[in-house]
Amino acid sequence: MPKLTAEQAFELALQFNDVAQKLATYRFSNWSKLTPAQRSSLEGREFTIRNYSSDFIALSIQIDVANLEQTLASIKTGTTKMKTAVTNLKTIGKIIKVATIVITIGAAVMSGNPTAIATAVGAALAEEKKG
Amino acid sequence: MQTRPYVRKLSALMLVLSLCLINSGCTDLKSIREFTESGAEISKGLPRLATDLSASCKRQVVFQEMRNRQFQPDKLIAITHPEANSPESKLFEQRCRRLIEVEKPLIQANAVLVEYLDAMGALAADELTNYDKGMEGLGTSLSNAKVFTGKEASAITKIASFILKASTEGYRRKKLKNALEENNAHIQTLTGALQRIIGQRYLLQLKNEREQMRSYYSSSILEYTEYMNKRGRVLTTQNHIGNGNGRSVSATYPPPQDALKDPLPIITVKRIWDEDEAEMLKKVQAAQAYSKAVATIGEGHQKLYNERNNLGSKEVLRLASAYGKTIKSLVDEFREAF
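From first to last, the protein sequence lines are chains A and B.
Its first residue numbered 1350, the first sequence is counted upward by one per residue in my numbering.
Its first residue numbered 5, the second sequence is counted upward by one per residue in my numbering.
Looking at chain A on its own, in the form it has when it is part of the complex:
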């Protein structure tokens, strides 16, 4: 027997919900005509059928989620690619900072100014600590 689809399971859930509700309506509309034993029997059946509806809802969701496996894997790959692109762009930013500091150190050394050299090296170390 072929397995149910998510839509078929959901359709069953709807039908069972409807039957349970019809039983409840019948029981209340005919309350005074039914014996306590009959009411109890109808009520029990109403609960059971409604519980089946909930089971079919769960089955429908299970099938839906199971069918998403491939989709989820593809989206995860796409997410990884975007994250890599973001990392690359952030790396460029860091390289620029480092390059600027290197130029600053070079200029300071060329100038022969010890204070300027110390400032430039300090900036380089601070940048390295940031990671």
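Treat each hint with caution, since some may be false.
[To be verified] Cβ-Cβ distance ranges computed for the label pairs, FRET-style:
hint, chain 1, residue 1, chain 2, residue 2, range
1, B, Lys234, A, Leu1353, 46 to 56 Å
2, B, Gln112, A, Glu1356, 18 to 28 Å
3, A, Val1368, B, Gly203, 19 to 29 Å
4, B, Asp336, A, Thr1426, 31 to 41 Å
5, A, Val1368, B, Glu279, 26 to 36 Å
6, B, Asp130, A, Val1368, 53 to 63 Å
7, A, Thr1397, B, Arg322, 52 to 62 Å
If you're looking for bench data, these hints aren't it; they were derived computationally from the structure.
For every residue, glycine included, the Cβ atom is placed at its ideal position computed from N, Cα and C.
Guided by the hints, dock chain B onto chain A, whose structure is given.
Chain B alone, transformed into the frame defined by chain A:
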């Protein structure tokens, strides 16, 4: 000192590049980021809905079991406040097993969407290709090195900054475009599934619970009516008995002389019933808000995919902004309800 020829040529190149970039619609992508941020925000609300699937089932079981345990306080307490590993606790696990089992995979599927939207938002962040701060010291250093004049150093810095931005912007938009192309069909599938699960399946489970609740209250009120009638009192019960659509079921009997006209216990029960109905309505509204938001995420993504070659255009950004605002309003609606 006169500006050197090669610096003049570089400045001319910069002017040409500016014109090219303006013509290609190089504007910021803030609206796309706002769209993805709103989408990720509402998607983070799904775990609460997912866990309420089995919680709703348990509440449904409680209403059923209370009917079986009438006038037995210890059994009523056991079902409404079950201890861990008690027979009642095991009853819930057994009856609601399937709904408990779908929670985790559903939350995980939703997490994939959240992560995707977060990553797209990070890529759409304009500060990602803003390297001005990093370039700040460059002009000063070039000037201090005594190789270029102050003016030349400034011009070179501006050109370098501009070329860097243009090339990284191109890279950023290309990656966004690739992401939209490769993932649009999958995003449509995922948002469609989440919309069905919450907007249809979860709503039907809430309907099951609500009808169980109405059945419980209706049965209890009618049995009470019958009991009081047997004791020689008159009660007429109206409204919300039966299917909750306002149908009246009259249960009048020939009135004895000391007929009771104000059914105080019924009034009290009706108030409690109304509170339960109000709580239920909030959950329904939360589910509807979430479902609508996920549909909007799908639509917005589709629009961006359709316009992927023109992401920077004002019309596309206006659309992204509109979608972002729609989703944000639904986030507020969701939070109010749940």
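To see whether the hints hold, each was checked on the structure:
1. Lys234(B) - Leu1353(A): 46 to 56 Å: holds (48 Å)
2. Gln112(B) - Glu1356(A): 18 to 28 Å: Hint holds: Cβ distance 22 Å, inside 18 to 28 Å.
3. Val1368(A) - Gly203(B): 19 to 29 Å: holds (23 Å)
4. Asp336(B) - Thr1426(A): 31 to 41 Å: holds (33 Å)
5. Val1368(A) - Glu279(B): 26 to 36 Å: holds (29 Å)
6. Asp130(B) - Val1368(A): 53 to 63 Å: Between Asp130(B) and Val1368(A), where Cβ atoms are some 57 Å apart, the hint holds.
7. Thr1397(A) - Arg322(B): 52 to 62 Å: Given about 54 Å between the Cβ atoms, the range holds.
Hint compliance for this structure: every hint is met.
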